[in-house]
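J.: The sequence shown begins at 1 in our numbering and counts up by one.
Since the hints were made in silico from the structure, they are not lab data. Source: prediction; values computed, not measured. Possibly wrong hints are sitting among the right ones.
[Claimed, not checked] The list that follows gives simulated cross-link-like pairs (lysine to aspartate or glutamate, EDC-like), each with its CA atoms no further than 20 Å apart:
#1 LYS10 <-> ASP57
#2 LYS10 <-> GLU35
#3 LYS41 <-> GLU13
#4 LYS10 <-> GLU49
#5 LYS41 <-> ASP53
#6 LYS5 <-> ASP32
#7 LYS41 <-> ASP57
#8 LYS5 <-> GLU49
#9 LYS5 <-> GLU72
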Amino acid sequence: MYTYKIHLHKEPEGGFTVTVPALPGCITYGDDVDEAIAMAKEAIELYVEELRDRGEDVPDDSNTLEYSLNLEMA
1 MYTYKIHLHK
11 EPEGGFTVTV
21 PALPGCITYG
31 DDVDEAIAMA
41 KEAIELYVEE
51 LRDRGEDVPD
61 DSNTLEYSLN
71 LEMA
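Whole structure, please, built from the sequences with the hints as guidance.
T.: This is the structure in structure tokens:
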């Protein structure tokens with residue numbers, strides 16, 4: 001089992017671009033949040049399958065902690 005954090009970036013023209021920080025170049029898009037998440041799952045599966053086929057290590061985020069910080073700067 002692999003764990004991946006995904007980042008959904010709302011686009012000005014609508015929809016969401018999704019990036020997977022642990023998998024460089026793994027980027028996809030969805031018209032709404034649900035579609036973006038579904039597309040991310042598919043993109044991750046294809047990416048990991050390709051790494052396995054090449055015999056490469058498969059990175060994931062299982063040992064990564066993530067925090068969000070809000071800073072007010074004067």
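J.: Against each hint, give a clear statement of whether it holds in the structure.
T.: Hints and how they fare:
Distance hint between LYS10 and ASP57 is unfulfilled; the C-alpha atoms sit about 31 Å from each other, more than 20 Å. At most 20 Å may separate the alpha-carbon atoms for a hinted pair to count; LYS10 and GLU35 meet this at roughly 13 Å. Using a Cα cut-off of 20 Å, the hinted pair LYS41 and GLU13 is violated, with the two alpha carbons roughly 23 Å apart. Taken as a hint, the LYS10 and GLU49 pair is broken in the structure, with Cα atoms around 28 Å apart against an allowance of 20 Å.
Among the hinted pairs, LYS41 with ASP53 is consistent with the structure: their alpha-carbon atoms are about 18 Å apart, no more than 20 Å. Using a Cα cut-off of 20 Å, the hinted pair LYS5 and ASP32 holds, with the two alpha carbons roughly 18 Å apart. At most 20 Å may separate the alpha-carbon atoms for a hinted pair to count; LYS41 and ASP57 meet this at roughly 19 Å. Pair hint LYS5 plus GLU49 holds up; C-alpha atoms about 18 Å apart against a cutoff of 20 Å.
The straight-line distance between the Cα atoms of LYS5 and GLU72 is roughly 26 Å, outside the 20 Å bound, and the hint therefore fails.
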